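Throw the hints in and build the complete structure from the sequences for me.
The listed protein sequences correspond, in order, to chains A and B.
Residues -19 to 289 (the working numbering) make up the first sequence, in order.
Residues -19 to 289 (the working numbering) make up the second sequence, in order.
No lab work stands behind these hints: they were computed from the structure.
A quick note: this is a predicted structure, and the numbers were derived from the prediction, not measured.
Among the hints, erroneous ones may be present.
Copies of the same chain are indistinguishable here, so a pair counts whether it falls within one copy or spans any two.
[What the hints assert, rightly or not] Here are the computed lysine to any residue pairs in the SDA-like style, where the Cα-Cα straight-line distance is at most 20 Å:
no., residue 1, residue 2
1, K43, L88
2, K63, S3
3, K79, R244
4, K287, R235
5, K43, L186
6, K43, A67
7, K63, D83
8, K63, R91
9, K79, F240
Number of protein chains: 2
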Amino acid sequence: MIREAAERIRPLARRTPVMTSRSLDERAGASIFLKCENFQRGGAFKIRGAANLILSLTPDELKRGIVAFSSGNHAQGVALAAKYVGAAATIVMPEDAPKSKMDPTRALGARIVTYNRLREDREKLAAAVLAETGGVLVPPYDHPMIMAGQGTVALELLEEVPDLDALLICVGGGGMASGCSTIALDLRPGIRNFGVEPELGNDVWLSFQKGERVTIPPPETIADGLRTPSPGKLTFPIMRRNLESILLVSEDEIRAAVLFLMERVKIVVEPSGAVGVAAALFGKIPNGLGRVGVIISGGNLDRSLLKSI
Amino acid sequence: MIREAAERIRPLARRTPVMTSRSLDERAGASIFLKCENFQRGGAFKIRGAANLILSLTPDELKRGIVAFSSGNHAQGVALAAKYVGAAATIVMPEDAPKSKMDPTRALGARIVTYNRLREDREKLAAAVLAETGGVLVPPYDHPMIMAGQGTVALELLEEVPDLDALLICVGGGGMASGCSTIALDLRPGIRNFGVEPELGNDVWLSFQKGERVTIPPPETIADGLRTPSPGKLTFPIMRRNLESILLVSEDEIRAAVLFLMERVKIVVEPSGAVGVAAALFGKIPNGLGRVGVIISGGNLDRSLLKSI
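Have a look at this one:
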C-alpha cells in the first residue's frame, strides 16, 4: 500500500530533500539525515496521507464533499488535495490553531469550522458536520490509506539513504510512525525505529508502558501538531510492533532544537517537526548509532511563536 | 580558473542544493531557482573564494599566516580554510559585526582584531596587521582567485539548471558578481546577468551610471554583507562588461524577502542573501523572464536582527 501510495500521490506531493549538517552531526555524535517535510507542499508531510485517501475516492464520494478535523497541517493537506480533485472541503479546527496553519487552509478554498480545544470534542463536532454535509471523512491518522500515504516519507528517505541504522519519527496520532516504521522494516530489516514525543504530550509513551491505549488531558505542549491525547486504534498496534521505544523530549529541548535548526542548519522547522532533532541533540538516542534518519515533519512556524522561542 | 577552482575547493566547500518554491514562483511570475549558499559551510558562499586562494598558497606563504578583513562571512570562510591547511589566521572585523558571524570565526581558532566601521579604515588597519605579522592577505573580493572561487556558485547552478534565462546576483564588492557572471556567460551565452544592491548601499549602481568607480559613505543597510562602499578595482570592469544592470531594492523589500523565505520557503536567509529574492518578489526584474536563477548568498541571521525584522 505504501508503494502504491507513492505512485498515487506523485501529482500532489513533492519528493522532499534529505539534508545533512556537519554541526548537527558533531552535536549528536552520529551521522544525521534529515528528511525535510518542512519543504513539502503545505509545509508538512500531511499532504501525503490526505492525497492518498482523497485520490482514491470515487467520483460519487468526491461529489459529497470532504470533511476533516485537524490542528492545522492535516487541514492544509486535505484542502490542497480537495482543491486538486475539485471537491468541497470542510475543516474542523481548534480556534487557537496557529494563524500560519489556518490562513493557508482558508486561502485554498476550504470552509473552516472552529471549536474550543479544551471544552469541545472535535470528533463529535466532525460527526455533526458529517451528518450535516453528508461528506466523506478524511481522518488525520487512523485510516490505512492515511498511514500508507505518510509511510512514503520513509520510503523516499530509505531510497536515498538505504543504510540507516535507526529512524526517529515524531508521534502525534501515529499515522506517520506506523506507516514509516512499516516500510522501513520492509526495506531494511533490523533498522531500529524510535518514536519521539514531547514529555507534555506523552500519551503514546504511557500507552507503551501500560500495554494499552491511554488517553491524557489535552496536552499543552508547544508542539501543536503532537497534541493528540491518545494513539489511534489502528496506529497503536502497529507502533507497538514496530517501534523499539518512545523517546521523550522537554519543551526546552524542543525550543533549543528549533533554534539549532534555524541558526546552524538554516531551515525553518515547527516545534512538532523538531522533536526528533531534539532527541538527537540531547542524548535521548541509544549510544553507538552510526547513521540516523530523522523525519522533520513540518515547518509552519508562526511569527509570534518564533518570537516567543 | 573557475573550473579549476571547483576542483581545488572540493574538500572544503559543499555542493549546495538548488531549491524551488511554488509560492515564490507564483509571487514572482517566473520559475525561480534558488542556489542556496545559506547551506554552505560557514553559512555563506565565502568559503569558496577563501579556499581557492588559500589552497593555492605555497607552504612558505602558509607558514607566514593569513590576514583578512571582513564584515563577517568572509571571516568564517578564511578561518575555515586556514584551519584546514593548518595556517594561523588574523581577521580584522568591524566591532559591530553580527555575533552570528564573529563567534564562529573565533571558535575556528582565528585571532580577531576589531575596528570602528565609521571612524577607522579597515584596509589601513589590515595593512598594519600585515606589517606586524608578515602574513599573506586574503582580500574579500578584489583578487582573481577569490572571484574565481565565488564563480563556482554559478558553475554548479548552471550544471544543475542549464537553461536559465537570467541570473540575479547580490553585489557587495563584486567578487561573486564578477565570477558568477563570467562563468554564466561562458556556459550559456546570452544569459542575462543582473546585479542586485540595496538602495542604501547603491555604490555599484552609481558607478554604473557614472561609468567609473564611485565611493559612498559607509552604507547603513540592514544587508550587512553588502555594506562595501565601492566596487573593487578588478571586479568593476568585469561587472560592467557582464551585468545588464544593477537592480535596487529597499530595506522594507529586503525585510519582506527574509520573512517570505522563512515563512513560505522555510529557509533561513540573511538580509544580504535575500536581495535577489526581494528583486524577484517586488517586480524589479524585466517582464518575460521565464527561468531565473537567484543566488542566496548566506544564512547567518542574528536572533536580534531577526526579531527586529
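We went through each hint and held it up to the structure:
1. Taking the closest pair of Cα atoms, K43 and L88 come within 20 Å of each other only inside a single copy of the chain (18 Å); across copies the shortest separation is 62 Å, beyond that limit.
2. Only between protomers do K63 and S3 lie at most 20 Å apart by alpha-carbon distance; the minimum there is 16 Å, versus 40 Å within a single protomer.
3. In this homomeric assembly, K79 and R244 come within 20 Å of each other (Cα to Cα) only across copies, at 13 Å, whereas the closest approach inside a single copy is 26 Å.
4. Proximity of K287 to R235 under the C-alpha cut-off of 20 Å is found in both arrangements, the shortest distances being 11 Å within a copy and 16 Å between copies.
5. Taking identical chains as interchangeable, the C-alpha atoms of K43 and L186 are never at most 20 Å apart, the minima being 41 Å within one chain and 60 Å between chains.
6. When the C-alpha separation of K43 and A67 is checked against a cutoff of 20 Å, the pair qualifies only within one copy, where the shortest distance is 6 Å, while the shortest distance between copies is 70 Å.
7. Taking the closest pair of Cα atoms, K63 and D83 come within 20 Å of each other only inside a single copy of the chain (15 Å); across copies the shortest separation is 47 Å, beyond that limit.
8. In this assembly of identical chains, the alpha carbons of K63 and R91 lie at most 20 Å apart only when taken from the same copy (12 Å versus 57 Å across copies).
9. Only between protomers do K79 and F240 lie at most 20 Å apart by alpha-carbon distance; the minimum there is 15 Å, versus 23 Å within a single protomer.
Of the numbered hints stated above, the single one contradicted by the structure is hint 5.
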